[in-house]
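Chain residues, written in single-letter form:
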Amino acid sequence: MRKMKLAAIMLLAVLLTGLAGCSAGSGPAAEGKEGDTKGYPKHPITYSIPFDPGGQSDLEARRQQPHLERILGTSIVITYKIGGGGAVGWTELAGKKPDGYFMAGINVPHIILQPLLQRDAGYKTEQLEPVAIFQSTPVGLAVRKDSSIQSLEDLIRMAKDKPGALTAAGVGTYTGHHMTHLLFEEKLEAAIQYIPFTGAAAAMQSFLGGNTDLLWGNSNDLVSYKDEFRLIAIGSAERFTALPDTPTFIEQGVDLIAGIDRGVAVPQGTPEKVVQELEKAFLKIAADPEVIRQMTAEGFEPKAMGAAESKAYIKQLKAEYEPLVAELRP
Amino acid sequence: MTDYIPVVIEVLSNPLNLLLLVASLIAGIIVGALPGLTVTMALALLLPFTFSLPADTSLIAMGGLYIGGMFGGCISAILINTPGTPSAIATTFDGYPMARSGKPHHAIVTAVLASGIGGIIGALALLFLTPLLSSLSLAFGPPEYFWVAMLGLSMIATLSSGSMLKGLIGGCLGLLLGTIGIAPIGGESRFTFGLAPLVAGLELTVVLIAFFCIPEVLRIVENRITGERIAYRKEKGVVAQMWNRLIRRPFLLLRSSVIGVIVGIIPGAGGNVASIISYDAAVKFSKDKKAFGKGSYEGVAASESANNAEVGGSLVPLLSLGIPGAPPAAIMMGALMIHGITPGPGLFTSQAGLVYTFLWAFLLANVLLIVLGLYLSGPIGRIINIRMDVLIPVIIFLSTIGAFAIRNNFTDVVMMVIIGLAAYLLSRLGFHPAPIVLGLILGPIAEVGLTQSILIGQAKDHVFAFFFTRPVSVVLMVLCALSIAVPLADKWLRSRRGSGQRQGKEEAE
Chain W
1 MRKMKLAAIM
11 LLAVLLTGLA
21 GCSAGSGPAA
31 EGKEGDTKGY
41 PKHPITYSIP
51 FDPGGQSDLE
61 ARRQQPHLER
71 ILGTSIVITY
81 KIGGGGAVGW
91 TELAGKKPDG
101 YFMAGINVPH
111 IILQPLLQRD
121 AGYKTEQLEP
131 VAIFQSTPVG
141 LAVRKDSSIQ
151 SLEDLIRMAK
161 DKPGALTAAG
171 VGTYTGHHMT
181 HLLFEEKLEA
191 AIQYIPFTGA
201 AAAMQSFLGG
211 NTDLLWGNSN
221 DLVSYKDEFR
231 LIAIGSAERF
241 TALPDTPTFI
251 EQGVDLIAGI
261 DRGVAVPQGT
271 PEKVVQELEK
281 AFLKIAADPE
291 VIRQMTAEGF
301 EPKAMGAAES
311 KAYIKQLKAE
321 YEPLVAELRP
Chain D
331 MTDYIPVVIE
341 VLSNPLNLLL
351 LVASLIAGII
361 VGALPGLTVT
371 MALALLLPFT
381 FSLPADTSLI
391 AMGGLYIGGM
401 FGGCISAILI
411 NTPGTPSAIA
421 TTFDGYPMAR
431 SGKPHHAIVT
441 AVLASGIGGI
451 IGALALLFLT
461 PLLSSLSLAF
471 GPPEYFWVAM
481 LGLSMIATLS
491 SGSMLKGLIG
501 GCLGLLLGTI
511 GIAPIGGESR
521 FTFGLAPLVA
531 GLELTVVLIA
541 FFCIPEVLRI
551 VENRITGERI
561 AYRKEKGVVA
571 QMWNRLIRRP
581 FLLLRSSVIG
591 VIVGIIPGAG
601 GNVASIISYD
611 AAVKFSKDKK
621 AFGKGSYEGV
631 AASESANNAE
641 VGGSLVPLLS
651 LGIPGAPPAA
661 IMMGALMIHG
671 ITPGPGLFTS
681 QAGLVYTFLW
691 AFLLANVLLI
701 VLGLYLSGPI
711 GRIINIRMDV
721 LIPVIIFLST
731 IGAFAIRNNF
741 TDVVMMVIIG
751 LAAYLLSRLG
761 FHPAPIVLGL
771 ILGPIAEVGL
781 TQSILIGQAK
791 DHVFAFFFTR
801 PVSVVLMVLC
811 ALSIAVPLAD
821 KWLRSRRGSG
831 QRQGKEEAE
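Protein chains in written order, with the working numbering: chain W, 1 to 330; chain D, 331 to 839.
Isolated chain W, as found in the complex (with noise of 0.2 Å):
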């Protein structure tokens, strides 16, 4: 009878051991006197990812991690803070102390979109001080083989003559393809019935399955099917390195530049020396040759923009969006 008690315990104890190794590195990171920013950093730096673990997001984050730590001299924490399409994370990002000691990744437009249109977003954009962006996905429309849609020009053609038959899946409302859809129609001047979905995969899903007619897809998904879709457009300012034979929107007279960049932002009041420090360990990543060939090959566009850079970048599009958003806002 003792012996399966002490059993049952053991088991117990184990169980909580591992359940303590788990979560030993979510512990937010030690205080650090604000204003010391001599021998920075110190610790270790939390990196927070406001999306789900495997996600874009956490994969560059992953791929940076041991870049980071090289260069920083210290241990990169990689958490999760999900939710809200990742306004979760951005207000926890908004809210802590700024003393460089937590980070979090960073999608543009989200941050700009939601505070915009949210009005329990529970950040504002310049809340988040950008370190760097080092990575965009232009975004781009695809038909399936068998559409009698062989260009942008049919798409046009047939959009004008039917306003509103065509169906075009994206990922979620007030997002990067939302907006994208927006402008596209506000461009044309033609209407095309946009269907919001959950995620990248269930718009795949459902437009593979034949549902809707366009699929606004992220670039890297659209390398990966190739074969399969006939790309009418892409929104990058020129020819995609990955996808070489896919015109951009521009080339074919509809002005578009449609994508989404990552990066990592900081709180708002974080030392400049501190920012220094974290763009240049970034902007050395983004140098890395091996890290550019791998982002390539997997269909994204490696960037390489500082603080000031990104921050100006983020303004002058928050400035586009205005006057688009005034329109929604519900």
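Don't take each hint at face value.
Said to hold, decoys possible - Within a straight-line C-alpha distance of at most 35 Å, the following computed DSBU-like cross-link-like pairs (lysine-lysine) qualify:
no. : chain 1 : residue 1 : chain 2 : residue 2
1   : W       : K145      : D       : K790
2   : D       : K790      : W       : K162
3   : D       : K790      : W       : K187
4   : D       : K790      : W       : K226
5   : W       : K38       : W       : K303
6   : W       : K303      : W       : K280
7   : W       : K160      : D       : K790
8   : W       : K280      : W       : K42
What the hints assert, rightly or not - According to the in silico footprint, chain W covers these stretches of chain D (three or more CB under 8 Å from chain W):
no. : region
9   : 460-473
10  : 516-526
11  : 730-739
For the record, the hints were derived by calculation from the structure and aren't laboratory data. Only a predicted model underlies this, so the values are computations on that prediction, with no experimental measurement involved. Where is the CB? At the ideal position from N, CA and C, for every residue including glycine.
Given chain W, put chain D in place with the hints provided.
Chain D alone, transformed into the frame defined by chain W:
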């Protein structure tokens, strides 16, 4: 076609790979057993290690973790009425009553055998039927998702033991809880009362802990059975006994596994939906419906074989179409991408060696799960012998950490306490948690399916045709109708027969 066999044998006979497979299975079981720690999280933690491992080894480890985690959820479901992973919801219905009647070992052995067999059937489907099943996966569009959710909701009738009215009220409550947060379609925030933490909605795991675990703990405390313990007596031949019972019910296991595989291949519907649909089918097909909910091993077997068969199913769209059927599958996709392998059409030909190695390892993992599970089932069952005044604080401790860990969010702990107290009051009023949780899980699936269908239908000028004429939709609608009609007809027949017998008796007298 068969030239991959030497590669498979070579990789699988590598002792390092086998060791990793066993280790990841055990790690998965532990993670699965702890509410709040998910397989998805464990896989994400494993991901950086796979960078430096060969692609086949990392896939083997990830598969083991996934399978172990899916099984592990049943342990806490059986012992403390808290599903360790959402996929073990239906396991609580009969597993916990079994444990409370002093048969935790029987329940766990049943779960081990059912999980293993379900997993093997899922793996065989993945090995041999992937091309066929992948086209079925594409046949599920927005209207089909809506009807699948409706089919699930029709099960409230089965799950509300006692009052049907209370079951329906509970279901509506669950549907309402499911609307909290940003609308999946349309983007407006609902019922957040301006509170930023509510924007992300309620986390299923937190609600599961609140509804299943807290009321049970409070009830035990309330009954002042503090010093009492459920007598767990060691019995010989439990494995043989449960094995004999299960193989006499081949259709139960086969039906549950097929349900699991089919639900698995529908991206977005996970193991929780699989286990509930399978449980409901087991009740409907059983001759002894009254035994369910009171400790029927058939209920445990139905739930567990379905959720483990779902694992194989969820990998079908990943390997054949590049669409991950479930969040853990999404992480495995990430691992493949890191090794420069793009899942999707053509993977079976371009990477035949790797894919078939993984599939055979997957099959092997399920066999190992049975061996490991049976070996561990005795010691695990003994946990129930711990005195309640020791066990209850531990359960509360684990629940609190679990509620926090799921999203690293303290608001979730507060929500767990508030919802837990509300759940306790509801259970005192005779509301079973199952219909409420069912509403919460299926509400958003139904909402998304309905809204998307209406939007697409309107664009094509035929909303009704879009809803009611698609072949898979029609099949699902018929199943819905049967699901509602069969229990009612059964009740009616029984009451007629009952009154007929009474009449007969009166005449004889």
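Comparing the hints with the structure gives:
A C-alpha spacing of about 20 Å is found between K145(W) and K790(D), which places the hinted pair at or below 35 Å, so the restraint holds. For the hint pairing K790(D) with K162(W), the CA-to-CA distance comes to about 10 Å; that is within 35 Å, so the pair holds. Taking the CA atoms of K790(D) and K187(W), the gap is about 23 Å. The hint holds against a cut of 35 Å. The suggested pairing of K790(D) with K226(W) holds, with an alpha-carbon distance near 27 Å, which does not exceed 35 Å.
Under the criterion of a C-alpha separation no larger than 35 Å, the hint pairing K38(W) with K303(W) is consistent with the structure, at around 29 Å. The straight-line distance between the Cα atoms of K303(W) and K280(W) is roughly 14 Å, inside the 35 Å bound, and the hint therefore holds. For a cut-off of 35 Å, the pair hint linking K160(W) to K790(D) stands: about 15 Å separates their Cα positions. Restraint check for K280(W) and K42(W): the C-alpha separation of about 17 Å stays at or below 35 Å, so the hint holds.
Look at the region 460-473 of chain D against chain W: 6 of its residues bring a Cβ nearer than 8 Å to a Cβ of that chain, three or more, so the hint holds. Evaluation of the coverage hint for the region 516-526 of chain D: fulfilled, as 8 residues show C-beta separations to chain W shorter than 8 Å, against a requirement of three. Closer than 8 Å: that is the beta-carbon criterion, and the region 730-739 of chain D has 5 residues meeting it against chain W, so the requirement of 3 holds.
Checked against the numbered hints above, the structure violates none of them.
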